[in-house]
Amino acid sequence: MSSEPVIGEPEIAALVRERLPDIPFEASETKTYADLRVAPEHFLALVTGLRDDAELSFDLLRNIVALDMEEAGLEAKYQLYSFPHGHALQITVPAPIPSCELPSLTGLYPAANWHEREAAEMVGLVFTGHPDPRNLLLEEDLRIHPLRKAHPLQKAEILQGIEDGPPGVEV
Amino acid sequence: MSVWPEERVTTAEGDLDTVDMTVNVGPQHPATHGVFRMVLTVDGELVVGCEPYIGYLHRGLEKLSENADYRQAMGWWDRTDYLAGMCCEGAYTMAVERLAGIEVPERADYIRVIMMELSRINSHFMFLGAFGADVGSFGTSFVYAWRERERIYDLFEEVAGDRMFPTYFRIGGVTMDLPDNFESRCRWVLGSIKQGLEDMDGLLTGNEVFVERCRGLTPVTPEQAIAWGFTGPMLRATGVPWDIRKAEPYSVYPKLDFEIPVGVQGDVFDRFHVRLAECYQSVRIIEQCLEQMPEGRVLAPKLPKTLRINDGELYMPTEGTKGEYGVYLMAQGGTNPYRAKLRSPSFCNLSALTELVVGSYVADAIIILGSLDIVLGEVDK
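Read top to bottom, the protein sequences are chains A and B. Those letters in the first sequence? Residues 1 to 171, by the numbering used here. Those letters in the second sequence? Residues 1001 to 1381, by the numbering used here.
No wet-lab data here; the hints were simulated from the structure. Treat the hints with care, as some may be off.
[Claimed, not checked] Simulated DEER-style distance windows between Cβ atoms:
no.: 1; chain 1: B; residue 1: Arg-1147; chain 2: A; residue 2: Ala-45; range: 51 to 59 Å
no.: 2; chain 1: A; residue 1: Glu-70; chain 2: B; residue 2: Gly-1202; range: 54 to 62 Å
no.: 3; chain 1: B; residue 1: Val-1264; chain 2: A; residue 2: Glu-26; range: 40 to 48 Å
no.: 4; chain 1: A; residue 1: Gly-107; chain 2: B; residue 2: Met-1176; range: 25 to 33 Å
no.: 5; chain 1: A; residue 1: His-42; chain 2: B; residue 2: Trp-1146; range: 52 to 60 Å
no.: 6; chain 1: A; residue 1: Pro-24; chain 2: B; residue 2: Lys-1255; range: 38 to 46 Å
no.: 7; chain 1: A; residue 1: Pro-98; chain 2: B; residue 2: Val-1264; range: 35 to 43 Å
no.: 8; chain 1: A; residue 1: Pro-84; chain 2: B; residue 2: Met-1176; range: 43 to 51 Å
no.: 9; chain 1: A; residue 1: Ala-39; chain 2: B; residue 2: Pro-1254; range: 56 to 64 Å
no.: 10; chain 1: A; residue 1: Ala-45; chain 2: B; residue 2: Gly-1202; range: 51 to 59 Å
no.: 11; chain 1: A; residue 1: Arg-19; chain 2: B; residue 2: Asp-1311; range: 26 to 34 Å
no.: 12; chain 1: B; residue 1: Tyr-1053; chain 2: A; residue 2: Pro-98; range: 26 to 34 Å
no.: 13; chain 1: B; residue 1: Gly-1206; chain 2: A; residue 2: Glu-70; range: 56 to 64 Å
Remember, it's a predicted structure, so these values are computed and weren't measured experimentally. C-beta atoms are modelled at their ideal positions from N, C-alpha and C, and glycine is treated no differently.
Generate the whole structure from the sequences, applying the supplied hints.
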């Protein structure tokens, strides 16, 4: 168990590139962790590599952030942590338009289950292969996505039963 | 001889014929510690299925934060983990400060750590009291806990003017300096807390019935805990000494000397005992802060009247009372965050409830739920 501070560690992206040379990604820095931007088709291979490679072993899925980037479509950000090495990083993956589909990580990380349900209802991402894709925080029959930028702040109750349009479209 | 006709109680195979029953628990039920609902499928006394339902307290924290000034949003964040409002304020303000590049005066950092650790003790006392009541000490543990919590809340009121939702932290420091008699008052409260912990330890750990009911109930391995996304006392109970205050330190925690209590087998008793031991460490931290705290300003000078953050994103993890309380913020210019997201530890710990509860008895299911120490304001955001 590492006790060294790892916030802002710059070399983690280089380490991933060295250990997983076949997977293309763009590395950048956030204010805390390195960010790896990967295309949806390479996403599952990257996460599997990050989890299973002995030098990386990212065994904790901390969080999933779903974002509506308006004209750029939907995005998901995954924060991972490695207990054996004390590494931490973030993966950004854009969801293809218009399907908004991303592969579910529930097979790799059981912790992804509720995070993905929340991301699905809040911005409208579709996680293929999710075992239980029901609403979690919202009402069961509500088909709105409140965290879309086009969704108004104060209309959730009025819009009950009405579906949101594609990202960036006013309802 | 049975009073029932043979064919009514046996199946074709000759076994006893029983029917699974569905039992609804919550959302208005004291054992669920808030507006949480679970639907248990029971076979006699044995739980064979559990379906948790959350969202009754969903207030749209993230959407509201995206539509409010960075400073305005703070009041909603301390209503997430409402048992430890200061910890939530700390996480949110530190995330904004790191995003905006604002330096906090050292005295303010020490004040924050004192307040966050008092909040942690407060939240853990709530757990100890309520959990004791779940297991069967009736009101005694609750009253023991409330005595100390009331004293901590009184101290918060003297410092911040409010008890549960103090909104005491500011981006760049804290609202106002501590009152003159704070050190002596705080030391008196710490003495009371230590006595309260001794009392609680004697009442619960010293009670054979309590220990027998908790020990060996749903042990969790470190591998399972990590796979389910457990953090905080739930993870440390399994024996993993992982505390974000040490692993990814923030504020003045690197200057303070404290230990990480861990459990052995991750069962209900270990979860209880780790939280009890953590309170003693929090007392140690506060005592060191009182000694080391320098004089000086409590709010950074030359803060902008309106806080605008041009660009950037971050995920800021902090050690909340229930586990990793993480704040994700993305700025794209303007006075509001483009996206704010809470990684709530109770939410992640609760997501494994079905795995923990299935196979236990109904009475134990209530204890297992209690041992997760969820707070619904944080689960539902």
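Hints, one by one, checked against the model:
Evaluation of the 51 to 59 Å hint for Arg-1147 of chain B and Ala-45 of chain A yields a pass: the beta carbon distance comes to about 56 Å. Separation of Glu-70 of chain A from Gly-1202 of chain B is about 59 Å and conforms to the stated range, judged on CB atoms against 54 to 62 Å. In this structure the hint that Val-1264 of chain B and Glu-26 of chain A lie 40 to 48 Å apart at CB holds, the actual value being about 44 Å. Checked against the hint of 25 to 33 Å, the pair Gly-107 of chain A and Met-1176 of chain B fails, with Cβ atoms roughly 52 Å apart.
Between His-42 of chain A and Trp-1146 of chain B the C-beta distance comes to about 55 Å, which sits within the given range of 52 to 60 Å. The supplied range of 38 to 46 Å is met by Pro-24 of chain A and Lys-1255 of chain B, whose beta-carbon atoms lie about 43 Å from each other. Between Pro-98 of chain A and Val-1264 of chain B, the C-beta spacing of about 52 Å breaks the proposed range 35 to 43 Å. Taking 43 to 51 Å as the suggested C-beta distance range, the pair Pro-84 of chain A and Met-1176 of chain B conforms, at roughly 45 Å.
The supplied range of 56 to 64 Å is broken by Ala-39 of chain A and Pro-1254 of chain B, whose beta-carbon atoms lie about 39 Å from each other. The given range of 51 to 59 Å is respected by Ala-45 of chain A and Gly-1202 of chain B, whose C-beta atoms sit roughly 56 Å from each other. The supplied range of 26 to 34 Å is met by Arg-19 of chain A and Asp-1311 of chain B, whose beta-carbon atoms lie about 30 Å from each other. For the pair Tyr-1053 of chain B and Pro-98 of chain A, the beta carbons lie near 31 Å from each other, so the given range of 26 to 34 Å is met.
Distance hint check for Gly-1206 of chain B and Glu-70 of chain A: the Cβ-Cβ separation is about 60 Å, which falls inside the suggested range of 56 to 64 Å.
Checked against the numbered hints given earlier, this structure breaks hints 4, 7, 9; the rest are met.
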